[in-house]
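K.L.:
Take the position in the sequence shown, starting the count at 1, then add 1022; the result is the number in this note's numbering.
Hints may contain errors.
[What the hints assert, rightly or not] Label pairs and their calculated CB-CB ranges:
#1 P1096 <-> K1036: 35 to 43 Å
#2 N1057 <-> R1032: 50 to 58 Å
#3 G1088 <-> L1025: 28 to 36 Å
#4 K1056 <-> P1090: 19 to 27 Å
#5 Y1066 <-> P1093: 46 to 54 Å
#6 R1074 <-> R1049: 57 to 65 Å
#7 S1041 <-> P1097: 46 to 54 Å
#8 S1041 <-> T1071: 53 to 61 Å
#9 P1093 <-> A1062: 53 to 61 Å
#10 G1099 <-> T1071: 45 to 53 Å
#11 I1040 <-> P1096: 49 to 57 Å
#12 S1041 <-> T1072: 23 to 31 Å
What the hints contain is simulated information worked out from the structure, not anything from laboratory work. All C-beta atoms, glycine included, are put in the ideal place defined by N, C-alpha and C.
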Amino acid sequence: DLLRKFISERAKIKARRISGNDAGQQREVARAVKNAREMALIPYTNRVTTQRRERRSDDRAPRADGPPPRPTAPPPGQGGDQSDDFDPSEVDTPLESVDVVDADQAGEPVAAGGDG
């Protein structure tokens, strides 16, 4: 009964600030509680059963099974406003021409880079 004063209802050792022990006393209490647990004088854990509440009978709809609904609108910041301003003819980067060759007709692989 003396050790139960330093243990919570869930069989956890109470903190120093709650029990009022100084550091040395708390060490002694912890050692005594651990020894008592090993000797099966006090339990390692106490399961506290809580009674489940009844379901609310308000006007909420029941939960739907399955994945959440997909959004119908695009996320903010990705609207079509910016794409209207883009004109590919204004880009100064020259495009590289690429010759497409069928894989059956191709010979040895050629290293890219143009120095050949």
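K.L.:
Which hints from the list above does the structure break, by number from lowest to highest?
P.N.:
Hints 1, 2, 3, 4, 6, 8 are the ones this structure does not satisfy, whereas the remaining hints hold.
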